[in-house]
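For the protein sequence lines, the chains are A and B, in the order given.
Heads up: the first sequence at position 77 corresponds to 77 in the numbering used here, and the numbers run straight through without jumps.
Heads up: the second sequence at position 111 corresponds to 111 in the numbering used here, and the numbers run straight through without jumps.
Source of the hints: derived by calculation from the structure; they are not laboratory data.
Just so you know, these numbers come straight off a predicted model, no measurement behind them.
Among the hints, a few may not be true.
[To be verified] Restricting the straight-line Cα-Cα distance to at most 30 angstroms, the calculated cross-link-like pairs of lysine-lysine (DSS-like) are:
id: 1; chain 1: A; residue 1: Lys12; chain 2: B; residue 2: Lys132
id: 2; chain 1: B; residue 1: Lys95; chain 2: B; residue 2: Lys115
id: 3; chain 1: A; residue 1: Lys110; chain 2: B; residue 2: Lys16
id: 4; chain 1: A; residue 1: Lys45; chain 2: B; residue 2: Lys48
id: 5; chain 1: A; residue 1: Lys12; chain 2: A; residue 2: Lys45
id: 6; chain 1: B; residue 1: Lys108; chain 2: B; residue 2: Lys48
id: 7; chain 1: A; residue 1: Lys94; chain 2: B; residue 2: Lys41
id: 8; chain 1: B; residue 1: Lys39; chain 2: A; residue 2: Lys110
id: 9; chain 1: B; residue 1: Lys115; chain 2: A; residue 2: Lys94
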Amino acid sequence: MTTIPATVTTPKIVLDTHNNVYSFEGESYPEDVNTFFDPIMHPLKAHLKNQQDSNIQFDFFLTYFNSASTKVFFNLFSTLDEISEFNNVTVNWKHHEEDDTAEEFGQDFKEEIEHVQFNFIAI
Amino acid sequence: MTLNDFRTLKEMIETKNVIFCYNGYLSQEIIVAVSSMIKGKLSADATKMGISQKVLYMFVEQAQNITRYSPDQIQNPEEASMSYGSVAIGTEGDKFYIMCSNRVEKTKVPALREKLEALSTMSQEELKVLYKEKMRSEADEGSKGASIGFIEMARKSSEPIEFDFIENDETFDCFTLKVVI
């Protein structure tokens, strides 16, 4: 299990590849999104694409993120949609009850992924 | 600048209900610090979370556009890079405005103007279609961000985005953008 601690501009990321449970929590607006996310997303996507008949869970609780980060998550969701044909994929999209901005981002993502179980969780 | 000049400048800013106004070199560190100030100020004013999140979003997008694209940059190997530009956040009635300004090479103006003109006339539905299209495609050439920042700003703005390009010298124009929440 890999845990990447949060910084002021990047989220806390937990990658439990053994149990296929992943979480992204915090804010995401690094100066260079690719430098931060590429080394995380490339191996993660490769691992996900090798999964079959697995239960895969993603928890997101992102309080703030910039447009470049949105694209990174959008790409991740495309991968989740692809692998959901052979796996049982669940996304838990958490947001503060009053934060309709984060909820709207979740709606955009949800529309992109047909076969993934997408749950909104207001906190 | 005389004391009077500075006071006049300050008074001018204050008549526009400014929460924050900055003119100078911006860096990622400054963006982080100002974001924290915006959160604190809007939270103290009991601004609805959905609104304060949008204000923060607009500010970071605009400020990061300056750090990425302003031609007036200082690259210092010892320090983080810095770029010159202006940003302001304030209120007009019950709405927030977020504005930015920086110089742009004249050669880049036609493409940017075309992009922004299109965005300023699109409906929410059209903006959403374009947003999804851009999300699925690679970033525009010469873009260090996701090239969706302007689209997302137009979607979150409660009024059409306003912008102009004013002649600065033979090489540069001054680009100014305003969004309202």
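Against the structure, the hints come out as follows:
Of the pairs offered as hints, the one joining Lys12(A) and Lys132(B) holds, with about 27 angstroms between alpha carbons and a cut-off of 30 angstroms not exceeded. At most 30 angstroms may separate the alpha-carbon atoms for a hinted pair to count; Lys95(B) and Lys115(B) meet this at roughly 25 angstroms. Using a Cα cut-off of 30 angstroms, the hinted pair Lys110(A) and Lys16(B) is violated, with the two alpha carbons roughly 40 angstroms apart. Taken as a hint, the Lys45(A) and Lys48(B) pair is broken in the structure, with Cα atoms around 37 angstroms apart against an allowance of 30 angstroms.
At most 30 angstroms may separate the alpha-carbon atoms for a hinted pair to count; Lys12(A) and Lys45(A) meet this at roughly 18 angstroms. Proximity of Lys108(B) to Lys48(B) is assessed by CA-CA distance (about 38 angstroms); at most 30 angstroms being required, the pair is judged violated. Using a Cα cut-off of 30 angstroms, the hinted pair Lys94(A) and Lys41(B) holds, with the two alpha carbons roughly 25 angstroms apart. For the proposed pair Lys39(B) and Lys110(A), the alpha carbon gap of about 28 angstroms is at most 30 angstroms, so the pair holds.
A distance of roughly 33 angstroms separates the Cα atoms of Lys115(B) and Lys94(A); the hinted pair therefore is violated under the 30 angstroms criterion.
Checked against the numbered hints above, the structure breaks hints 3, 4, 6, 9 and satisfies the rest.
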